[in-house]
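Those protein sequences? They're chains A and B, same order as listed. If you're matching positions, the first sequence starts at 2 in this note's numbering and goes up one per residue. If you're matching positions, the second sequence starts at 2 in this note's numbering and goes up one per residue.
Worth flagging that the hints you see were computed from the coordinates, not collected in a lab. Keep in mind the model is a prediction, meaning the values are calculated, not measured. Just so you know, even glycine gets a beta-carbon here, dropped at the ideal spot from N, CA and C. Incorrect hints may have been included.
[Unchecked claim] Derived CB-CB ranges, DEER-like:
| id | chain 1 | residue 1 | chain 2 | residue 2 | range |
| --- | --- | --- | --- | --- | --- |
| 1 | A | Ala247 | B | Ser377 | 40 to 50 Å |
| 2 | A | Ala195 | B | Asn3 | 35 to 45 Å |
| 3 | B | Met226 | A | Glu240 | 54 to 64 Å |
| 4 | B | Phe267 | A | Ser155 | 42 to 52 Å |
| 5 | A | Ser155 | B | Trp4 | 19 to 29 Å |
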Amino acid sequence: MTQAMVQVDGLIRRYAGRAVIENLSFAVQPGEILGLVGPDGAGKTTTLRILAGVLPADSGGARVAAQDVLHDPEAVKSVISYMPQHFGLYEDLTVDENIRFYAELFEVAAAAREQRARELLAACGMTPFRRRLAGQLSGGMKRKLGLVCALIHSPQVLLLDEPTTGVDPVSRRELWGILYSLVFGGVTVLISTAYFDEAERCHRLLLLHRGRQLFWGTPAELKGMLPGAVLSIASTDPERLRAALAGADGLLSAMAMGDALHVVVNEPARRIPELRTRLEAAHLAFDGITTVAATVEDVFAYMVSREPDQRGRRP
Amino acid sequence: MNWRRTAAIGRKEFIQVRRDSRSLLIAVLLPLIQILMLGYGARLDADHIPVYVFDQEGSQDSQALLKRFQASRYFDVIQVVDNYPAITRAIDADRCKLGLVIPWDFSERLNDAHRTAVQALIDGTDDNSAQLAEGYAQAVVEGYSNDVQLKWFAIHGMSQQAVAPLAVDYRTWFNEELESKNFIIPGAIALVMALMGALLSSLTIAREWERGTMEQLIATPATAMEIMTGKLVPYLVIGLFDAALCTVFAVGWFNTPFRGSVTALFVTTVMFLIVILGIGYMISVATKSQLGASQYALLVTLLPTSLLSGFAFPIDQMPGPIRAITYVVYSRYYVTALKAIFLAGAGTRDLIPEISAMAVYAVVIGFFATRAFRKSL
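Take the sequences, apply the hints, and build the full model.
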């Protein structure tokens, strides 16, 4: 096995007596996209900040690009790139001035900078805006400019904190296009997202919930962990269905998703008629029960429902 | 330290100042306004003091004394009244600062070689101008009195040579015309440097925190030292530009003499700026907010510079304990140096004590400033 590009062992960070991240252990291979997935407060940002060398950890080990980031956070900074969740560029500088600033900080030669900037800006569809002040760009364009600045020095590892939050679908697609071409060129990417549909695009996932590591592996492996099937019950009021089905036999978890209730059951063939009977007895309207392919979100919901709650009880 | 990264940060900072109207105002317009206001407004000397006169006698002698007041550039006799209450009313209504009452037996007593007196009523609301008015009035009266004496001696057959009273022939050095603007304006440069330097440098780190650009900046290989140097050098350059601007204004507009060496002005200004910028920078690192930082920075730079540096209030007239405090007020050395350079023609060699004191401050502040900023959230 090749040397992992990112290697994390038992990483812990506490804040105000509480663990913000608890005992994380995972690795990312060169040229791999690892998705850090979880709701707000899961510890995604903290994890990325520690790996970027901008936040110290309390204990554990973290190596990035063969450097120990916990003991020497500065050593790693020239070969990685970190893009914080909030736009971190200078709004009173133009697109070109921002690019030049970051290129100089990473000591990129002027000719190389110009060529790379031209390629990256073209890939983002931002070539016409080079002289515009960064503050006058749209939200999606700011993100893309952030990515261009982050990539100007050709980093080995790219750490992106929710780069697609609040970004329009077209820009999102462009962003993922750039990520795939980078990975194709051997760059290792760690990307955090609160969107489960994006998780499917990653090679490997790290599922986080309240600072705890629920899962680390491929999306296929994740789905294989589900001890049953996912049923979708279409309804205009899935929350009421959920209440009515609480405690039903063979029901492992239930979660409202848009206009449907997704439930995980152990034996679908046997459970579908049972659930139907139960809902009809409760006089609740629904538009049929169908078996659907499990998504990352389904598995995440199932896993979270198995987690001890804040008081440490198991459901 | 990597010069390329440092230069990149400096260039960025410079662009930001240029595009931020508030910073630009502080950097260019504020020094000009300040030097103009201090040059015109903060005049400590009194001339054309308005005078009301109540001449009870109306003799040739009393008129001669009044003529002397009239001739002095310090006084303007604006009204002659014929009763005492008119004078008090005029002082109450702020129509005059000095009321002169000449008694009805003025010339009689003078010619009898008796001691006589005129009464001067002075508005003491502003003790500084009251003291000046009193001093000038005394000088006018003394001059007149001497002449009267000499005349008396002459009449009584004594030689003028033999009796000429001992007179001190004053010669004031460095500020020959005793103009307070010459005393104020060189020190005002220190005030401009303190205000401009503290405001701009206190914003620099806090701005990165407030606008959320700090996280990205500390994720780059730029070291704390490079960030500090890159951020402060533009302000040092702006500060030197402002100092030059103020000097040109002082000499060209206010006719303040500049007799010393430009090198000495440069050296002392650089050192003073290092201290001011270092303090502003440390405050910026500590507070992380632009508003808070600028207020603290003004408190620790502008306040001591305007009150305890000898800029307007002479240090040797301060009470002992306050005078002792001024020795730790770094601006006192700069203000002393500025006055010596402008008025006394001092060069670097004459200013070794001041330069040494400022060098100590520059090194100490510089040392702490380099350690103030940690590249961590």
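Hint check:
The given range of 40 to 50 Å is respected by A:Ala247 and B:Ser377, whose C-beta atoms sit roughly 47 Å from each other. Between A:Ala195 and B:Asn3 the CB atoms are about 37 Å apart, so this pair conforms to the stated range of 35 to 45 Å. The given range of 54 to 64 Å is respected by B:Met226 and A:Glu240, whose C-beta atoms sit roughly 57 Å from each other. A beta carbon spacing of about 44 Å between B:Phe267 and A:Ser155 agrees with the range 42 to 52 Å that was offered as a hint.
Between A:Ser155 and B:Trp4 the CB atoms are about 22 Å apart, so this pair conforms to the stated range of 19 to 29 Å.
The structure meets every hint from the earlier list without exception.
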